[in-house]
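Its first residue numbered 1, the sequence shown is counted upward by one per residue in the working numbering.
Honestly, the hints are just simulated from the structure, not real lab data. Any given hint could be a false lead.
Straight-line C-alpha distance at most 25 angstroms; calculated DSS-like pairs for lysine-lysine [to be verified]:
| no. | residue 1 | residue 2 |
| --- | --- | --- |
| 1 | Lys103 | Lys27 |
| 2 | Lys27 | Lys42 |
| 3 | Lys27 | Lys99 |
| 4 | Lys40 | Lys27 |
| 5 | Lys109 | Lys99 |
Label-pair restraints from in silico Cβ distances [said to hold, decoys possible]:
| no. | residue 1 | residue 2 | range |
| --- | --- | --- | --- |
| 6 | Pro33 | Tyr95 | 24 to 30 angstroms |
| 7 | Ala35 | Leu78 | 29 to 35 angstroms |
| 8 | Glu55 | Pro33 | 34 to 40 angstroms |
By construction, the Cβ of each residue, glycine as well, lies at the ideal position given by its N, Cα and C atoms.
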Amino acid sequence: MEERLYQILRGAFTYHVSQEEETIFYKRAMMFPPASLEDKLKERFGATEEMLTQEIRALLAEGIAAGAIADRPLDDLLDGFLCLMDGLFLQLLYYDESKFEHKLQNIWKLFWSGIAGS
Numbered sequence: 001m002e003e004r005l006y007q008i009l010r011g012a013f014t015y016h017v018s019q020e021e022e023t024i025f026y027k028r029a030m031m032f033p034p035a036s037l038e039d040k041l042k043e044r045f046g047a048t049e050e051m052l053t054q055e056i057r058a059l060l061a062e063g064i065a066a067g068a069i070a071d072r073p074l075d076d077l078l079d080g081f082l083c084l085m086d087g088l089f090l091q092l093l094y095y096d097e098s099k100f101e102h103k104l105q106n107i108w109k110l111f112w113s114g115i116a117g118s
């Protein structure tokens, strides 16, 4: 379970690092959307987030059922994971790939220890 969730996180950042120009454009567009595109960008982001959320929610529920993840409210666990992703996404602005990799590994260990089942 831990590895599957970690791979979702890692996969997102592997993509963003390999697609640097698109990622920079996306960040700018989401933070400072042109008025004419704001609704369309929010709609597309919402659809993408919904697909990701369904997958993560299912993994978290599976982990709770298996005892690998602490029995906590699913929405709380989901929000924590999504906030972790969002925070790491911003870290891509500030750090080179090796520093980012170190931060990813450290924060994952901390996050997992906070949600792991007994």
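Between Lys40 and Lys27, is the straight-line Cα distance small enough, at 25 angstroms or below? This hinted pair holds, its Cα atoms lying about 15 angstroms apart.
Would you check the hint for Lys109 and Lys99, treating anything up to 25 angstroms between C-alpha atoms as holding? Measuring from Cα to Cα gives roughly 16 angstroms; hence the hint holds.
Go ahead and decide if the range 29 to 35 angstroms is satisfied by the Cβ distance of Ala35 to Leu78. holds, 31 angstroms
For the pair supplied as a hint, Lys27 and Lys42, confirm whether the alpha-carbon distance does not exceed 25 angstroms. holds, 13 angstroms
In this structure, is the beta-carbon distance linking Pro33 and Tyr95 contained in 24 to 30 angstroms? Between Pro33 and Tyr95, where Cβ atoms are some 25 angstroms apart, the hint holds.
Pair hint outcome, Lys27 versus Lys99 [Cα-Cα no greater than 25 angstroms]: Holds. Lys27 to Lys99 sits at ~20 angstroms (cutoff 25 angstroms).
For the pair Glu55 and Pro33, does the Cβ-Cβ distance stay inside 34 to 40 angstroms? violated, 26 angstroms
Taking 25 angstroms as the top limit, are the C-alpha atoms of Lys103 and Lys27 close enough? With a Cα-Cα distance of about 20 angstroms, the restraint between Lys103 and Lys27 holds, given a limit of 25 angstroms.
Checked against the numbered hints above, the structure breaks only hint 8 and satisfies the rest.
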